[in-house]
Amino acid sequence: MGDRDLRFTKTHEWISVEGDVATIGITDYAQKELGDIVFVELPEEGATFSAGDVLTTVESVKSVSEIYSPVSGETVEVNGELDGSPGLVNTDAHGGGWIVRIKMSDASELAGLMSPEQYEEHTKG
Amino acid sequence: MSHGSGTARRTALYDAHVAAGAKLVDFAGWAMPIQYAGIVQEHRRVRETVGLFDVSHMGEFMVEGTGALESLERITTNRVSDLDIGRVQYSALCYEHGGFIDDLLVYRLDEGYMLVVNAANKDKDLEWVLGHVGGGTEVRDVSEETALIAIQGPCSQPVLSRVTDGDLEAIGYYHSASADVAGRPVLVSRTGYTGEDGFEIYCGLDQARPIWDALMEAGAEDDVEPVGLGCRDTLRLEMGYALYGNDIDDTRTPVEAGLLWITKLKKGDFIGRDAIQAAKDGGARERLIGFELEGRGVARHGHTITGGGRAVGTVTSGTFSPSLERAVGLGYVSVDWTGDIAVDVRGRTIQARRVGLPFYKKGSVRRGA
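Residue numbers (this note's numbering), protein chains in the order written: chain A, 1 to 125; chain B, 126 to 494.
Honestly, I wouldn't trust all of these hints.
Using 27 Å as the maximum straight-line C-alpha spacing, the simulated DSSO-like pairs for lysine-lysine come out as follows [said to hold, decoys possible]:
| no. | chain 1 | residue 1 | chain 2 | residue 2 |
| --- | --- | --- | --- | --- |
| 1 | B | K148 | A | K32 |
| 2 | A | K10 | B | K148 |
| 3 | B | K148 | A | K124 |
| 4 | B | K405 | B | K389 |
Chain B is faced by these chain A residues, among others (derived, beta-carbon under 10 Å) [claimed, not checked]:
| no. | residue |
| --- | --- |
| 5 | K32 |
| 6 | G35 |
| 7 | D36 |
| 8 | F39 |
| 9 | S60 |
| 10 | V61 |
| 11 | K62 |
| 12 | D83 |
| 13 | G87 |
| 14 | N90 |
No lab work stands behind these hints, which were simulated from the structure alone.
Note that the Cβ used here is the ideal one computed from N, Cα and C, for glycine as well.
Kindly generate the complete structure, drawing on both the sequences and the hints.
What follows is the structure, encoded as structure tokens:
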């Protein structure tokens with residue numbers, strides 16, 4: 001999965017869409033800013049979210065950060081590997097460090113997200 | 126984050142930090158490196174080998190003259206007359222009501238005393254010291270002309286010994302001596318804030334960079350790297366060392382903070398003595414404790430400590446301990462509550478266990494040396 005297929009939020013989540021299921025994580029930029037991640041609080045499968053809701057929190061050594069859902073929908077899978085290996089978010093933020101998969105209820109929300117180029121511009125600001 | 130340091134002052138080592146890829150943050154008005162490679166990696170480096178801190182933001186005051194001893198005895202809590210030349214002492218400045226103005230180090234030097242204070246408190250401290258010293262006491266703020274490098278970790282002495290003619294073995298824990306480091310005359314003390322063996326090097330601004338570079342070169346075989354204030358905080362917290370503004374402030378007395386050992390109530394009158402005595406005699410309603418979390422999560426400054434279904438205290442410092450690989454913290458808990466405790470982490474109640482300090486007991490620091 002290359003970064004070309006990802007969309008990004010201003011709040012530093014990435015999202016990758018296959019059919020009506022969106023995989024969501026935090027960006028490489030965000031993991032660098034957070035530093036060493038020690039806990040990822042995973043949402044429960046079946047939990048529903050609206051776009052912009054707090055999806056979960058990520059604790060690094062120095063701080064805690066809220067992760068927002070880029071889209072509305074229902075959680076269909078969480079990355080259980082993060083329970084034992086939260087550092088995956090640091091080492092592979094856009095791959096093995098994914099956090100949840102959400103079955104989207106409104107695919108039109110994707111239109112408001114940023115392209116890789118737009119996100120790169122955003123993080124320079 | 127990295128953008129916030131535009132108007133902050135720069136230490137003499139600023140360019141070295143930028144070249145080393147540091148993430149700089151505004152800390153008490155200074156652009157300071159919070160981390161280089163990452164807090165956990167830097168933390169482990171200090172525990173296992175050796176790291177270099179720039180702590181030039183700290184404040185230094187020289188206190189000299191025939192009245193210096195009497196003045197310091199009156200404004201600091203520890204017994205200054207205990208200090209032979211070359212001794213260093215952990216102490217505090219307190220208000221009349223017993224609350225902390227700051228915690229500090231007092232150095233007894235050949236020519237008088239040096240106070241080393243927290244950067245964020247420097248202006249407040251200086252005003253207090255100037256306003257409360259007696260006659261025959263000259264106070265000079267030398268912070269602007271002093272850089273401070275801390276070399277910390279079990280390999281500190283071998284590394285420093287390669288660039289100094291000083292007899293480091295002769296400098297005991299909490300002692301200082303004049304020495305040449307990288308050919309420059311400096312003050313070296315066996316002190317630190319990490320729980321590891323190590324030294325702090327006070328030098329002129331022009332000397333800081335050559336000394337820093339010499340230590341980096343001399344330490345290459347021991348894997349020396351610069352380390353930031355992020356790991357300084359996790360290292361000190363694993364040792365249970367208080368941080369002003371987090372664990373102690375003007376609302377807390379040495380009794381509550383567990384710092385009676387730096388408070389000599391029998392040394393004669395000093396500012397805050399009566400209030401501290403009263404707190405010791407039963408007035409203190411809370412005590413600082415150490416705890417570790419038993420569930421998943423990290424307690425942070427300001428979280429509520431609960432017991433028996435109600436609030437019994439407040440977290441003052443909390444982090445994930447890289448050495449112990451669990452969440453630890455300090456907090457004030459009511460003396461009336463001796464039962465089980467938990468921490469309210471953003472609405473989730475996580476069980477906690479009281480533990481004795483330090484959390485980390487295997488440090489290389491030479492206690493009592």
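Here's how the hints hold up against the structure:
Distance check on the hinted pair: K148/B and K32/A sit about 10 Å apart at the alpha-carbon level, within 27 Å; holds. About 21 Å separates the Cα atoms of K10/A and K148/B, which keeps this hinted pair within 27 Å; it holds. Taking the CA atoms of K148/B and K124/A, the gap is near 15 Å; set against the 27 Å cutoff, the hint holds. At roughly 12 Å between alpha-carbon atoms, K405/B and K389/B fall within 27 Å of each other, so this suggested pair holds.
With its C-beta approaching chain B no nearer than about 9 Å, K32/A sits inside the 10 Å limit, and its interface hint holds. Below 10 Å, beta-carbon pairs count as interface contacts, and G35/A has one with chain B at about 5 Å; its hint therefore holds. With its C-beta approaching chain B no nearer than about 4 Å, D36/A sits inside the 10 Å limit, and its interface hint holds. At a threshold of 10 Å, the smallest CB-CB gap from F39/A to chain B is about 6 Å, leaving the interface hint in force.
The interface hint given for S60/A is met, as the beta carbon of that residue sits about 8 Å from the closest beta carbon of chain B, less than 10 Å. Hint status for V61/A: holds, given a least beta-carbon distance of 5 Å to chain B, under 10 Å. Restraint check, K62/A versus chain B: the minimum CB separation of about 6 Å is within 10 Å; hint holds. The interface hint given for D83/A is met, as the beta carbon of that residue sits about 8 Å from the closest beta carbon of chain B, less than 10 Å.
For G87/A, the shortest C-beta to C-beta distance to chain B is roughly 9 Å, which falls under 10 Å, so the interface hint holds. Because the smallest distance between the Cβ of N90/A and any Cβ of chain B comes to about 8 Å, under 10 Å, the interface hint for this residue holds.
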